[in-house]
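Visitor: Single-letter residue listing:
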Amino acid sequence: MILHSKAAAHGSLTICGARVLDPGAGVDALLDVKIEKGTITELAQPGGKKSAGKAVEAEGLILAPAFVDPHVHLRTPGREDEETIASGSAAAAAGGYCAILAMPNTSPTVDNAAVLGALIEQAQEEAQIPTGFMAAISRGLKGEELTEMGELADAGAAAFSDDGQPVRSAALMRRALQYAGSTGRRLALHCEEKTLSSRGQMHEGAVSAELGLAGYPSVAESVAVGRDLALAAYEGQPIHLMHLSTSESVELLRRALVDGVQVSAEVTPHHLCLTDEAVRTLDTNLKMNPPLGSETDRLALIEALRSGAISCIATDHAPHARQEKDVPFEAAPSGVTGLETAFAALYTHLVEPGLLPLETLLDRMSAGPAQAFDLPVPRIGVGEPANLVLLDLEATWLVREERFRSLSANSWLLGEALRGEVALTVAAGRVVCGSERVTA
Amino acid sequence: MAEIRVIAGETSTVSSAPKRHLISIDDLNREIVERLLATARNFSRSLEREMKKLPTLRGRTIVNVFYESSTRTASSFELAAKRLSADVMTMRASGSSVEKGESLKDTTRTLTAFQPDVIVVRHPQIGAPKLIAETTSAHVVNAGDGKHQHPTQALLDLYTMQEALGHLSGLQVAIVGDVMHSRVARSLVQALNLVDARSICIGPPALIPRGFEQIGCEVSSDISGIETADVVYVLRMQQERIAAGANFVPSLREYTARWGITPARLRPGQVVMHPGPVNRGVEIDARVVDSPESLITTQVRSGLVVRMAVLYDLLTQGPVSLAPTVDMNEVA
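Residue numbers (this note's numbering), protein chains in the order written: chain Z, 166 to 605; chain V, 8 to 339.
If you are wondering where the hints come from, they were derived from the structure by calculation, not from laboratory data. Some clues are possibly wrong.
[Unchecked claim] Covered stretches of chain V, as calculated for chain Z (at least 3 residues, CB under 8 Å):
| no. | segment |
| --- | --- |
| 1 | 158-164 |
| 2 | 265-273 |
[To be verified] Each pair of labels, with its calculated beta carbon distance range:
| no. | chain 1 | residue 1 | chain 2 | residue 2 | range |
| --- | --- | --- | --- | --- | --- |
| 3 | V | R79 | Z | A336 | 44 to 54 Å |
| 4 | Z | R445 | V | S92 | 45 to 55 Å |
| 5 | V | A253 | Z | E310 | 56 to 66 Å |
| 6 | V | S101 | Z | R445 | 47 to 57 Å |
[To be verified] Keeping only pairs whose Cα atoms sit at most 30 Å apart, straight-line, the calculated BS3-like set for lysine-lysine is:
| no. | chain 1 | residue 1 | chain 2 | residue 2 |
| --- | --- | --- | --- | --- |
| 7 | V | K89 | Z | K490 |
| 8 | V | K112 | V | K59 |
| 9 | Z | K490 | V | K26 |
| 10 | V | K107 | V | K60 |
| 11 | Z | K490 | Z | K307 |
| 12 | V | K89 | V | K112 |
| 13 | V | K112 | V | K26 |
| 14 | V | K59 | V | K89 |
| 15 | V | K59 | Z | K490 |
Predicted, not measured: the structure shown is a model, and the values here were computed from it. Built from N, CA and C at the ideal position, the CB exists for glycine as well.
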């Protein structure tokens, strides 16, 4: 078992009259979807006989497979003031997710079975939606010694990652690939050549030149991507590239896919919606690692997402306490929250302007990440577990701090009006968001 | 009669009316620059008198907050405020509650409680003056933030050039040295663009930021590019740029040989400027510093009157017309 949450509350629920849209299953029709004991038991023409049990009126809304986020920071253990398993999973539920994977760069690091076991127990107590945990590649994320990946995999590690840090040594990277292969778990890689990114505060280009902020050159990412692709190809082992941000990396990914390298890749909503121009405001909620790139980078990422070379959208949800972001740009930590805004941000910035079809967005937020990490793929079909998100594409809502279920509010979207709202989320058969829409 | 309602948050001491600040050259346009330079010229005349103090800002409070060491800028702002009869207080980060871990915003709120009219700030981090401006009810003047901006330096440089050469429009200025780490270079290039002067930035390739030409200047690594310039503006070259691991240039010796400003590299008629402090024998030959072509001490004098003009301009909110009428009979 890789995903863990509170026990499901079982009953029956019918979601009536929505446009059911599951691109992977080839479903696009107005249907009533009946759920019993957490499983989809019936897809029926709407307007049929009213069945017993609870119902949600969903005419005019879209019902899609719920989302999967393979890259979330739950800050537990160590920084429970910024996020907990309960608050982070509630934020994910509000964002339409039915599964999330948490990163191991906590304090202490998730680099041994004892820490991982405690997290899994805690998730069984308080996770609102199924939650999995990645374990570290190297002890303490130091890039010196491998963790006991075999024991960690047996204890339930979803994958391995030193996120926040690259695996600096190419030799250790090679050993990690060789060893992880024996556990059946994938390595999720943060690609950054630290000697090039150095103290870089933002993408190196005309904007950094003007502001005087130290530049983080795009080659700091692509040099590392190139190294890791070469090692993965040589060892014949799969890798997952996290939060790609540059056109050079996209080009390397494309070539590797042609060459048959087993590689999956993710991109964040902020790298798809913003460029380094936004940093002119010096808003610390625009500081992230990797940094926001150029318009060329952004368009290359959108194209790779459209073509499927990048198959996953990951939020890299990174909560930070208010006082840590309420400082000058250079003093602020990197990272922004994203779980509660991902769909609406991408619908507003990519789908509405015609840059990405809705069906593609739904696939890359759900089936894509699930397949990359061998998680159950959310599907709308009879006999499938109920993992559903109900979307109101007509709704416009204002991103406000008070609305967040996350304990942190370091969102780059504060104050922005977004189109597309999550009306209801069903995760593992439980209504985890939008329960006010359920009528008896 | 209109109904008066108090809405939560409206009672805040921070006024919602937009305040004028001088945080970057972007806050200025050509008209304001010309007005400031004219005001500075008027103040310069008033300083020729034996009694140098003017009553103009009597009763106003100016707080200087310096989070970074500074000789000329801090003393220049302090004297500018005193010449205009304002009450001035200078706070340095060392020995203050900053050392006890107080955040920049909290320090700003504390200082704002004294109701200053202007806060002048020098800070090692980019954007600190902007953060202060968002937190205080006072006008904010940026006296240098990290590698970002130093707008009063650029203004005093324009003033110096205009006084020495008679005009700004069409001037060619070569900015030589460590452009990468220089807030002075960023502000100066932008300010020169505002007044239709042209600039070329020359230095070691690793010390010219990628994309710098897009802010409106030429860039080159060839020192012979200074030849056509009316003004050779030399930037400070810091030892830390060659520290282990940095390698921006192989050695100071090599820097000096390739980009140092020596008498041989200058042609007659060129003037030389430097924002200070000078490293004699590194970025500039001592003979050049001490030559008649050097405007370096003139720049320091210009700093005083330009900063007087900036403080005056921010605090006289009236129509933007003009230079102040200095009443020679009025004595503080």
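Visitor: Does 56 to 66 Å hold as the CB distance between A253 (chain V) and E310 (chain Z), or does it fail?
Guide: violated, 31 Å
Visitor: Evaluate the given range 45 to 55 Å for the C-beta pair formed by R445 (chain Z) and S92 (chain V).
Guide: violated, 38 Å
Visitor: Please verify whether K59 (chain V) and K89 (chain V) have alpha carbons no more than 30 Å apart.
Guide: It holds: about 10 Å lies between the C-alpha atoms, which stays within 30 Å.
Visitor: Hey, K107 (chain V) versus K60 (chain V), does the alpha-carbon distance stay inside 30 Å?
Guide: violated, 38 Å
Visitor: Is 47 to 57 Å right for how far apart the beta carbons of S101 (chain V) and R445 (chain Z) are?
Guide: violated, 32 Å
Visitor: Do the Cβ positions of R79 (chain V) and A336 (chain Z) conform to the proposed distance bound of 44 to 54 Å?
Guide: 52 Å Cβ-Cβ, so the 44 to 54 Å window holds.
Visitor: Please check whether the segment 158-164 of chain V has three or more residues whose CB lies within less than 8 Å of a CB on chain Z.
Guide: Answer violated; 0 residues pass the 8 Å Cβ test.
Visitor: Mind checking the alpha carbons of K59 (chain V) and K490 (chain Z) for me, to see if they're no more than 30 Å apart?
Guide: violated, 46 Å
Visitor: Are there three or more residues in the segment 265-273 of chain V whose C-beta lies closer than 8 Å to some C-beta of chain Z?
Guide: violated (count 0)
Visitor: Sort out whether K26 (chain V) lies within 30 Å of K490 (chain Z), counting only the CA atoms.
Guide: holds, 24 Å
Visitor: Given the hint that K490 (chain Z) pairs with K307 (chain Z), does the C-alpha gap stay at or below 30 Å?
Guide: holds, 26 Å
Visitor: Just to be careful, I want the Cα atoms of K112 (chain V) and K59 (chain V) compared with a cutoff of 30 Å; is the pair within it?
Guide: violated, 36 Å
In this structure, the hints that do not hold are numbers 1, 2, 4, 5, 6, 7, 8, 10 and 15, in rising order.
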